[in-house]
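**Q** Protein sequence lines correspond, in order, to chains B and A.
Position 7 of the first sequence, counting from 1, maps to 6 under numbering that gives the first Met the number 0, and the rest follow consecutively.
Position 180 of the second sequence, counting from 1, maps to 179 under numbering that gives the first Met the number 0, and the rest follow consecutively.
For the record, the hints were derived by calculation from the structure and aren't laboratory data.
This structure is a prediction, so every number in the text was calculated from the model and none was measured.
Even glycine gets a Cβ: it sits at the ideal position worked out from N, Cα and C.
Mixed in with the good hints there might be a few duds.
Simulated restraints, written as ranges between beta carbons of each label pair [stated by the list, open to error]:
hint	chain 1	residue 1	chain 2	residue 2	range
1	B	E40	A	G264	36 to 46 angstroms
2	B	Y24	A	R97	52 to 62 angstroms
3	A	D22	B	T31	50 to 60 angstroms
4	A	N307	B	T31	35 to 45 angstroms
5	A	Q132	B	Q50	47 to 57 angstroms
6	A	S253	B	E101	18 to 28 angstroms
7	A	L72	B	T31	39 to 49 angstroms
8	A	E232	B	K9	58 to 68 angstroms
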Amino acid sequence: MNLSIDVLEKDNCSTVRLSGEIDVYTANKLKTRLIPLTEREGTVVEVDFSQVRYMDSTGLGVFIGALKSTKKHSSHLKLTHLNRRVLRLFKITGLNEIMDIEER
Amino acid sequence: MKAIMLDKETYKQLLNQYISTQDEGALYRAERLTRNFIKKNILPEEIIDLHIQVLRETYPTIYEEMVYMCQFLLETMISYGLAIQENETLREKQLAMRTEISLAANIQKTLLSSTLPEVDGLDIGVISVPAKQMNGDYYHFVTGKDGSIGIALADIIGKGIPAALCMSMIKYAMESFPEQLMNPNDILRRLNHVVELNVDSSMFITMIYAKYKNGLLTYASAGHEPGIYYCKETDTFYNLKAKGLVLGVSTDVSYSQYEQELKAGDMIILLTDGVTEYRNGDQFAKRGELLRIIRQSMKLKAQDIVENVYQHFNSLSEYYQQDDFTLIILKKY
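Model the full assembly from the supplied sequences, consistent with the hints where possible.
**A** In structure tokens:
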């Protein structure tokens, strides 16, 4: 499986639409696209998970990296439309309590 | 003399045979000869050079244009020759690297080996199988002076060599903590600090730390896959409730500590997500399947149960172990 990444940039908001699977094979590709977006001060990066079927812990690592980057650059990360399985990962790891996550 | 010249006569004979008969047998033998050339590291341009020599000997009156053509071809082949040599060097390097990794994997095994403690009234089983050479799961048992045992189970995300290095860091950090402060929540709080300072931003660690003494399990979790408690009296499996952030994300994190009393026949099951998160084709395994297998073999020794579970998953068709697999079972008797 593959992951396609569409980025829509508008004013101070970037919307990242993901489609496919986030795993050890696609995580690096996502990291390369996502991290630079979070490096602009004051920007809101919204990641839309509605087409994400599966994510593993390597994928989680990418979002932890992105979260750290938002703290460093005063930007904001928001995750939307996570399916139950993906949301479970954020809940087990306690990340849902420190991240802005909107359930599906 | 160059290695290729040893085969000049054979090449000449095959070429002449083909020119006069167009016999497939000659082509077949020529192909075998080429394989031999490759073994001897003979480059494409050397073969063309040989070809020119053979042409000149066979047809002394050959048009010079034909020879020029071959020389031209020879020059264009040189880059291929270089590519082949480069490939060969890479292959040697890769072999050397593979040897180093397997040495490192052995060192890891020695460094991180943990012997099962002997505890009255507790039967312990453990299995840990890496998906690749280096294991990103880590477990460790310690025995305290007061007769308690400590159990650490961690999953380092980011796999392979970086994870293995990170694991050694955790092990030595834990060993440096003073024993009187060995409460699960303290250990996680301190470890979080160590990990936060040292680890690459997209790497993180989940860990469950448990302490067992006289029928009481005290534990805390840093974002780890929930453990399971089997209650003999009600014959039911329960998730071990625990909340806590993974290690290495925030600087100041405090962890809650929980307790679970164990009676004879009760069990505690600790695992990493490699046990429940593997994929069988398009199917995802569920915790239910794990519990079903454990229930089937519940009467066995703890070590036999964990081995049974691994055998079960490993024998499924299309099973491909993507993640490190670690399972610990504590059985109170």
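**Q** Give a verdict on every hint.
**A** Verification of the supplied hints:
| no. | hint | in the structure |
| --- | --- | --- |
| 1 | B:E40 with A:G264: 36 to 46 angstroms | violated (59 angstroms) |
| 2 | B:Y24 with A:R97: 52 to 62 angstroms | violated (21 angstroms) |
| 3 | A:D22 with B:T31: 50 to 60 angstroms | holds (57 angstroms) |
| 4 | A:N307 with B:T31: 35 to 45 angstroms | holds (43 angstroms) |
| 5 | A:Q132 with B:Q50: 47 to 57 angstroms | violated (34 angstroms) |
| 6 | A:S253 with B:E101: 18 to 28 angstroms | holds (27 angstroms) |
| 7 | A:L72 with B:T31: 39 to 49 angstroms | holds (43 angstroms) |
| 8 | A:E232 with B:K9: 58 to 68 angstroms | holds (60 angstroms) |
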